[in-house]
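Novice: Protein chains in written order, with my numbering: chain A, 431 to 857; chain B, 431 to 857; chain C, 431 to 857; chain D, 431 to 857.
No lab work stands behind these hints, which were simulated from the structure alone. Note that the structure is predicted; figures quoted are calculated from it, not measured. Check each hint, because a few of them may be wrong.
[As the list claims (entries may be wrong)] Below, a list of computed lysine to aspartate or glutamate pairs in the EDC-like style, where the Cα atoms sit at most 20 Å apart:
| no. | chain 1 | residue 1 | chain 2 | residue 2 |
| --- | --- | --- | --- | --- |
| 1 | D | K472 | A | D471 |
| 2 | A | K805 | D | D553 |
| 3 | B | K818 | D | E702 |
| 4 | A | K818 | D | D557 |
| 5 | D | K818 | A | D557 |
| 6 | A | K582 | A | D557 |
| 7 | A | K499 | B | E702 |
| 8 | D | K472 | A | D481 |
| 9 | D | K499 | C | E702 |
| 10 | B | K805 | C | D553 |
| 11 | C | K499 | C | E443 |
[To be verified] What follows is a list of derived Cβ distance ranges for each label pair:
| no. | chain 1 | residue 1 | chain 2 | residue 2 | range |
| --- | --- | --- | --- | --- | --- |
| 12 | A | Y852 | B | G715 | 46 to 54 Å |
| 13 | A | D481 | D | E494 | 23 to 31 Å |
| 14 | B | V593 | D | R660 | 49 to 57 Å |
| 15 | B | E521 | C | H436 | 56 to 64 Å |
Virtual Cβ for every residue (Gly too), placed ideally from N, Cα, C.
There are 4 protein chains.
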Amino acid sequence: MSKQAHPFVEPVELKGHIIDSLLLPKVLDLITEFGGSYRIDKIHVGQTRSDPSSVVIAVEAASEELLGKILAQIADHGAVPVHARDCELAEADIAGAFPENFYSSTNQHTQVRLGGHWITVADQEMDCGICVDSERGTARCVAMSDVRIGQKFVVGHRGVKVVPIDRPGEGESFGFMSSAVSTEKPKGVTVRQIAADLHRIRAKGGRVLLVGGPGIVHTGSGPYLCELIRRGYIQVLFAGNALATHDIEQSIYGTSLGVHLGRGTSVEAGHEHHLRAINTVRRAGSIARAVDLGIIRSGIMYECVQHGVRYVLCGSIRDDGPLPDVVTDALASQERMRDEIRGGRNGQGGVDFCLMIATTLHSIAVGNLLPAWVKVVCVDINPSTVIKLNDRGSFQTVGLVTDVEPFLRVLVSEVDALEADYAHESG
Amino acid sequence: MSKQAHPFVEPVELKGHIIDSLLLPKVLDLITEFGGSYRIDKIHVGQTRSDPSSVVIAVEAASEELLGKILAQIADHGAVPVHARDCELAEADIAGAFPENFYSSTNQHTQVRLGGHWITVADQEMDCGICVDSERGTARCVAMSDVRIGQKFVVGHRGVKVVPIDRPGEGESFGFMSSAVSTEKPKGVTVRQIAADLHRIRAKGGRVLLVGGPGIVHTGSGPYLCELIRRGYIQVLFAGNALATHDIEQSIYGTSLGVHLGRGTSVEAGHEHHLRAINTVRRAGSIARAVDLGIIRSGIMYECVQHGVRYVLCGSIRDDGPLPDVVTDALASQERMRDEIRGGRNGQGGVDFCLMIATTLHSIAVGNLLPAWVKVVCVDINPSTVIKLNDRGSFQTVGLVTDVEPFLRVLVSEVDALEADYAHESG
Amino acid sequence: MSKQAHPFVEPVELKGHIIDSLLLPKVLDLITEFGGSYRIDKIHVGQTRSDPSSVVIAVEAASEELLGKILAQIADHGAVPVHARDCELAEADIAGAFPENFYSSTNQHTQVRLGGHWITVADQEMDCGICVDSERGTARCVAMSDVRIGQKFVVGHRGVKVVPIDRPGEGESFGFMSSAVSTEKPKGVTVRQIAADLHRIRAKGGRVLLVGGPGIVHTGSGPYLCELIRRGYIQVLFAGNALATHDIEQSIYGTSLGVHLGRGTSVEAGHEHHLRAINTVRRAGSIARAVDLGIIRSGIMYECVQHGVRYVLCGSIRDDGPLPDVVTDALASQERMRDEIRGGRNGQGGVDFCLMIATTLHSIAVGNLLPAWVKVVCVDINPSTVIKLNDRGSFQTVGLVTDVEPFLRVLVSEVDALEADYAHESG
Amino acid sequence: MSKQAHPFVEPVELKGHIIDSLLLPKVLDLITEFGGSYRIDKIHVGQTRSDPSSVVIAVEAASEELLGKILAQIADHGAVPVHARDCELAEADIAGAFPENFYSSTNQHTQVRLGGHWITVADQEMDCGICVDSERGTARCVAMSDVRIGQKFVVGHRGVKVVPIDRPGEGESFGFMSSAVSTEKPKGVTVRQIAADLHRIRAKGGRVLLVGGPGIVHTGSGPYLCELIRRGYIQVLFAGNALATHDIEQSIYGTSLGVHLGRGTSVEAGHEHHLRAINTVRRAGSIARAVDLGIIRSGIMYECVQHGVRYVLCGSIRDDGPLPDVVTDALASQERMRDEIRGGRNGQGGVDFCLMIATTLHSIAVGNLLPAWVKVVCVDINPSTVIKLNDRGSFQTVGLVTDVEPFLRVLVSEVDALEADYAHESG
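So that you can see chain A by itself, here it is in the shape it has in the complex (with noise of 0.2 Å):
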């Protein structure tokens, strides 16, 4: 097999600050994503701050449309062809259009090639095209609303280089970002990749610890992550009294409680019943026990019985109760979550996979004794618990601002997909 992954191949340049500024491993990562591969032939690294450097990369891709997009891409970040050519124009046929193929402006300062001389685009704005006076050799944005007929614009990526801004001046730092969190994203793909780590880990007989906050029952979410459960998705659960409480109610006092989520009506009575139940297990003396004595015979925690899941429950100030089986002491319940997550002492492996859902104390909590190898998927509908795990920084930390009840019923759905999958390959 030859080195060069892809037959159609590009040298480009790139200069300036571009190791501290990010330009290099931008350009690089976006030829990676966008599907093609690269070689870096030529680079000369500044000594200092101030020193300027410069790369020529080969950029390479399987077909030459697919080169001509990765160009593209990478144009806008001041990436341009080593062997520079003109613009291409075309006449607007239509008022308020532009002609098909035009150059979409950035906000930066950019260039366009006129007679083998680089122009200054006036206007600079962006998501506009560029108008050429090929007559006066001047160039500027114009608004898509704004075209008149005639007028000459940009088409292609060709003879047009962006100039990014410069860094922050010396003494500043460049303000090392940590976090993409989006609630705009679509989330379906994200949910898929996890299903297939939760399948793969179960293949292998690893493990998988789920963190969880009480909006799981709140939210009538509890259904998924029992089925979850059942099918030996979950090995370990680390909550608090919180979860197991609520949980447990609705075990307890599944009828008359039934009733009012069916209504959907506020349960007035529903606090009570919160601390009945945990009066109730109290009195039994352990969760186990009181599934044993069959007063509760459905639930999270009935199925972590069960199906031998592990739990620790931990306790906090705002707890009400507790439940017998919740560790009141913080250094105690830490102890007990290293256990889990090491191994070796509880008789069982590490955990391999964590999956924290609506609680911002147990994940970060968690997140302070889990490995950077361990990796993380953080579900929560707040936007701060989020980007509070994401500053862990680390690449195996994936956030996703959503709902619990549908990333849950979704992921039910995915795996399901994927066992059907599975069973009809081997089948």
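Could you slot chains B, C and D onto chain A? The hints should help.
Specialist: Here is chains B, C and D on its own, set in the frame of chain A:
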């Protein structure tokens, strides 16, 4: 038919500033909510703000058990049976747990009746038991974990009187509150109610208005909305340039964008596609023309054109392009929306129901135009939007803090279920 | 002194489900809020839920102008003068603007009185004028920008009747709402009230509890809290390991951290300092001992030790270290907090006022322990914390969605002003 | 002047995917941030994505202490001295506390050098000490509270090597992140920098653009903005109907609204005042005319008119009225804003600095129009706005999640301080 709905009746008394501190409405609401009914037997309303009021309410229920439950609920708001009896006590038989059926305290001033006298409870704290020293004639709150064997605790609600705290002082307002927005409520029921509304309105030939933001497309929820349109559940769409553009972009650049969506990676070229999509439609002349020409072959706007859903796309200063159908003038946009809401001038009826999804600007703009009797459901992952909408403050506005995708996904499956039920019943 | 507080009186009538749909309390609240008083002249309360009620209220005010203002306000909630008169009309003299003193519409069903008859207004929409066609006997809402010269508009509130929308149907709850939290309210006044409370409580030798999160230190607001402590406004502090650690870290690593704070850059070594600070105090044995040894020479914990502020530091599972003073057991922490709240066992009085700043966990934990009559102010930049606290639902809880630093900064300057006033008055 | 900035130098080595996983830029950034400088002595960049790279960096610092500090920092990112030595150990002398100067662990794979060999640390966890068993040649993480007297711990950073986790697998993106937004950072410094920018731009006769939302008025921050305008710090204002209306309403209905603000109660009639204010200005013809007529006598718009601040009020579909100066067409609004941003056509220079306060819509609209080299500061209590703006992703955008009032209050006091300094220096 007799006037008295239910056979089990108990007269209760409520005293103090029961109207302006909302105690009376709260108590009446609880009776209704828990399935009972009431008859006001006697009412004395204080003439001025400083005069206390009093009322005797006959609480009615279908069973003795339900009656007891209702009495327990309203007792926490100060409504006590006219015929008071001593509280009932039980001994703690297990350390760290209350006896069965213990009375669970509130954080309000509380009195218990011992030997015919009302005794004030010390150490008042919510979610405790009330421990009574009968010999000394004292009572105090004790936490569950502090219970010692042999202590006597109040059980049931008999002989317990809560004395709700007073209103704010003279000259202060009661701070009337408007919104009940929560991210922890079971949402399934609310979605079911919305589905029922949509189904009912479709059956009677009414008109449903959907006000939507681009998040519908970003989150991959477009197909659910398309499904609702195809089934005839949406008659009018109000949106902005962004929703229509992202939707059309997805239709036109389907494959390549599809690939990216499939890979779940950030779509670096997305913004350009966006601009190119607008340009293409501007070149065609209008959205409907682009559908006719086969340029747009799927998506929300496509379904609107195909199924005669009327749409108003309102412009804003952050628009790129915009699309040729966008009404760029704000007053003209309002006029167009008024016509659809009121009906008549557009040859249609007025709007019966309004579903606002993932848009603050449009939601509030439409909220300004809607009469109070059109039921509004506002769905947003951001509580602020829902709070603002709810501040309109009518009973007709329902706020849901949730993700768009699961909301629409579940809504479609709920209307599915309704249609199946209906087919079954009719069949 | 006569019973009738104010000389100007107008009897108004209110009909419908005025108690359970909260109309009566709302109207009484408005009268009081706007500085009037009332006398209930006649009241008929429907016996059952389906029976309507009615009331005649004598609205009283100190001036005719104020009376008019109050009548205008309550008219929007359906309270109309017993002695109805026709509405008053004025001609539009300028296009696109209403005549002076125009009636501004609500979004509720509205009627205007013309020639002794009540006419229903068409095209109902909020914030419009009501345009009357006297000849045809019709009325409709018209937007400001649509006004044409010569159209007749209702001016003033006379002869306008709002018909509030009905309650939800049988079997539905009224959706009792709990919280009024806004980020747009003028907050200065609220802070002034808190300052007045602190000042009053200090004067009478009362006790103020501050429940604080580490955000107080992170945001650079520590010095303000120190100032409040030094001036004797805080008697008890509840916090966690984080607040105390960050505070002590700032005291111990003052210079180097000071430099970083001064440069505003992210403090990369901050987390290590944090751990070293804990280690240093653990080596000393306790916070008080570290103060005695001169290790801690400034900050919140230093001031607490120096000024006899009692503190309870409660542990949590996310704690590093923790500091030797931290109570790691949750039940023991609750017990320590109870002692301070109730007073007595600690040789002190109970707590009179509670200020919660920037902490969800501790705020809710303390909320669980506090009796309802202790006034609580909860300050957080995150609306969720404030909403949750407010859900306790007593009039005594005030929620403030704001940044910590400005809040404490302004609070200190407000107590400054109060002390100056007081010194002036006494001097 | 010699090329070597600092006398103390230590060569360090960094290996692996140092460019595309951002290790090299991160390390260079840290060196600079901590006040050191660097010289790249040797660099080998892997040609393709799977080839590792390596670099030798000479770290330079002004003092040995600083050099040590920098080396400690960058060691946590895998940069280790070329000339490795064994780690240094110290015995724990107190139970539950580390020895002074203990090495504080990260959550990354770590090795310590013992007798010339690199040993992998077991039980990896952040914020622990590394306990070494020299005889067995083993090392493991131990939490502070678990330390026993006599255990040996690593002190200092010598002989410790962190092995950062690998990049994501082939075909995955590095998930380039864009925004660093935090509510916990010390904000004072950032505000001081903004004040310095304003001061500098005023001195050179530059132009500052303020983009503001109505929150400026709601939060009572109007007077601070007025002060900035009067002092010549603002040359252009972009806003909507809401900001101008609320500001003018406060000016016109000063007394009565003042009373309400003073009482801190909700202003029931506020919305009507709002409409009446608009109507009054519409009757006058324009804001400037209303100022001339003495109708508007204070506030933001008043100061703009009096001090020649150019303003563009852009319309939106949620506007009431609107004010006569509002540009209701979105494209016309964009054109007006472009003219101000670019300068020239308005007889003025372009905009040098942009301060966006409390408005999502206008901030993003203006962000679309601004070239990347105009520094932007975006202030909002809502993280989403700041995140969206930051997503523009240039170093020039600074996001501040904070309340408007304190921000403007502090900004005014910071320019005060700067003016005083300047007067002092000049005097």
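Novice: Hints first: check each against the structure and report whether it holds.
Specialist: Hint check results:
1. D:K472 <-> A:D471: Roughly 17 Å separates the two Cα atoms, so the pair holds.
2. A:K805 <-> D:D553: 16 Å, holds
3. B:K818 <-> D:E702: 18 Å, holds
4. A:K818 <-> D:D557: 17 Å, holds
5. D:K818 <-> A:D557: 17 Å, holds
6. A:K582 <-> A:D557: Since the Cα atoms of K582 (chain A) and D557 (chain A) sit roughly 17 Å apart, the hinted pair holds (cutoff 20 Å).
7. A:K499 <-> B:E702: 12 Å, holds
8. D:K472 <-> A:D481: 15 Å, holds
9. D:K499 <-> C:E702: 12 Å, holds
10. B:K805 <-> C:D553: 16 Å, holds
11. C:K499 <-> C:E443: Holds: K499 (chain C) and E443 (chain C) sit about 17 Å apart, inside 20 Å.
12. A:Y852 <-> B:G715: 46 to 54 Å: Check passed, 51 Å falls within 46 to 54 Å.
13. A:D481 <-> D:E494: 23 to 31 Å: Distance hint for D481 (chain A), E494 (chain D) holds at roughly 26 Å.
14. B:V593 <-> D:R660: 49 to 57 Å: For V593 (chain B) and R660 (chain D) the Cβ distance comes to about 56 Å; the hint holds.
15. B:E521 <-> C:H436: 56 to 64 Å: The hint (56 to 64 Å, Cβ to Cβ) holds, given that E521 (chain B) and H436 (chain C) are roughly 59 Å apart.
In summary, this structure violates none of the numbered hints.
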